[in-house]
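**Student:** Chains as they are written, first to last, in my numbering: chain A, 11 to 120; chain B, 4 to 230.
Careful: at least some of the hints might be erroneous.
[What the hints assert, rightly or not] Just a few of them, taken from the derived set where beta-carbon distance is under 8 Å, the chain A residues facing chain B: (1) Glu-107; (2) Arg-111; (3) Ala-114; (4) Phe-115.
Derived from the structure by calculation, the hints contain no laboratory data.
The C-beta atom is built at its ideal place from N, Cα and C for all residues, glycine as well.
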Amino acid sequence: MILGVQILGIIFGFSMVYLSFLCYKRKEFSRFQFLFWELLWILLLFIIFFPEVISNFTKKLGFIRLMDFLVIVAFMIITFLTFNNYTDLNKIKRNQEKKVREDAFKNLNH
Amino acid sequence: MNNLISIIIPCYNEENTIVETLGQVNKLNLNKRIIVVDDGSEDNTYSKIRQYSTFEDIVLLRHRINLGKGAALKTGCEAALRLGTDTIVFIDADQQHFPDDILRLVEKLKKEKLDIVFGTRNVDKKQMPLLSYLGNKFLTKLTCFLSNITLNDVQSGFKVFTSQTYQKIAWQSCGYSVENEIIINTGKYNLKYGQVPIKTIYKDTYKGTTVFSGLKIFLNILKQKFL
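One chain only, chain B, in its complex shape:
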């Protein structure tokens, strides 16, 4: 596949940030293909991406209804494999991540011949809303304990892996528990993993993982591990 990197960006109601994110990702000096999965957005996200895709080469896929982040990532991965790829990158559309960090994650994956590299945030009380901080700490400890893997942050959506790894880590979760399922599967199949600290900005406290989705993630982790 000539080291082609598929960058998958799932998005749901991200009309304010998606074009900027695409612009930043597009600027990266990589042999890449950008795959955007609009997960049934109700705002102008889809039309904005479509407009953007008329002058930039990106693959745009659309879920007619909102299925959840896990399902959107799966659609992106399956499209990437159908089109042919060597490496797959996940990055969020809400500008929480810095696309420049993709280069560091890919470099670590290639240099150390790893199966998967996780971009981990600096989970700091001062930077994060308190509830998110406590929820993250709890889910990190639980997921690491159950998967026998050591990571500083398990809820980050930023990761890079090889296309062969996808067959092993392929998940069932449709929602946010996809991040935990990937880690549990990484442990289950003894995959070679690494982590790279990434920069993060917290913009919207009402979007993303809430207390209720945290509880759902907790139940899903137990389901994936024991059922």
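Here chain A stands alone, though its shape is the one from the complex:
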């Protein structure tokens, strides 16, 4: 029997499969990026459909419920993405500042 939380997970998984496909069609993703994200969402859907596949593994790690494992993994991914976004944004801001300043100095007479 499928639980309510699995239904939510399935809706989320299929939505992400569709969104990744849209990004690829709009040429926002390369073929490699498209395959990477699709595989990730398909793996997520597979775990949602067949949670017992990884239950042995999660028990070995000390998780009583599979849900706890998924929540911890999700937090780790979100933290990593936030950190990654922060460093990337800083880099973009520094480059932008440099370019804008160079442009401002174009007509500066020494």
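Fit chain B to the supplied structure of chain A, relying on the hints for placement.
**Tutor:** The following block gives chain B in isolation, referenced to the frame of chain A:
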């Protein structure tokens, strides 16, 4: 550099005040060079300065996009150093400051052989909007505590320093936290500093430092001190 003073005026959407500010600064009897940095204004600020600069000798620099006050001041300082300068002055474009006070700040810098002089406002409950007053008091206490420097007001944009000092106080902040970073760096490098009380008029409560930029400044102060 024959005691040349570079007066840097950063501006963003100041079409109503910039020409008047430039006129007042231009009248000062100093060996000076005025450098205006238009930080990506969306109104007629740039065209007004350009028009003004056709009959008055000023250096006009333009950021194609708005980067923030800290970035505009840095552009101004780097231009001043490239062109050659002895002393650098920061003054706001919104007519909050009185350009005549530049003379008093420069005089103190030269007379007492200081590295930097801060123009500090009289932070008074009656003159300032309440939120600005409370925010200013909090940021002043925090910045002074972290930098080991005593100032009456840390958010004032009015300051004078030598060109050698710039190498030490050079900042990373793009926004309003530039004022605090300069003070923290002044403390860090044990620079000789002084303060001069300046007159101030509060014109627009929606421009400049808001509650949200105050929170950002708070986080940036902690970042500069501890990271």
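**Student:** If a hint holds in the structure, say so; if it doesn't, say that too.
**Tutor:** Going through the hints against the structure:
no. : hint    : verdict
1   : Glu-107 : holds, 5 Å
2   : Arg-111 : holds, 5 Å
3   : Ala-114 : holds, 4 Å
4   : Phe-115 : holds, 7 Å
The structure is consistent with each of the numbered hints, conforming to all of them.
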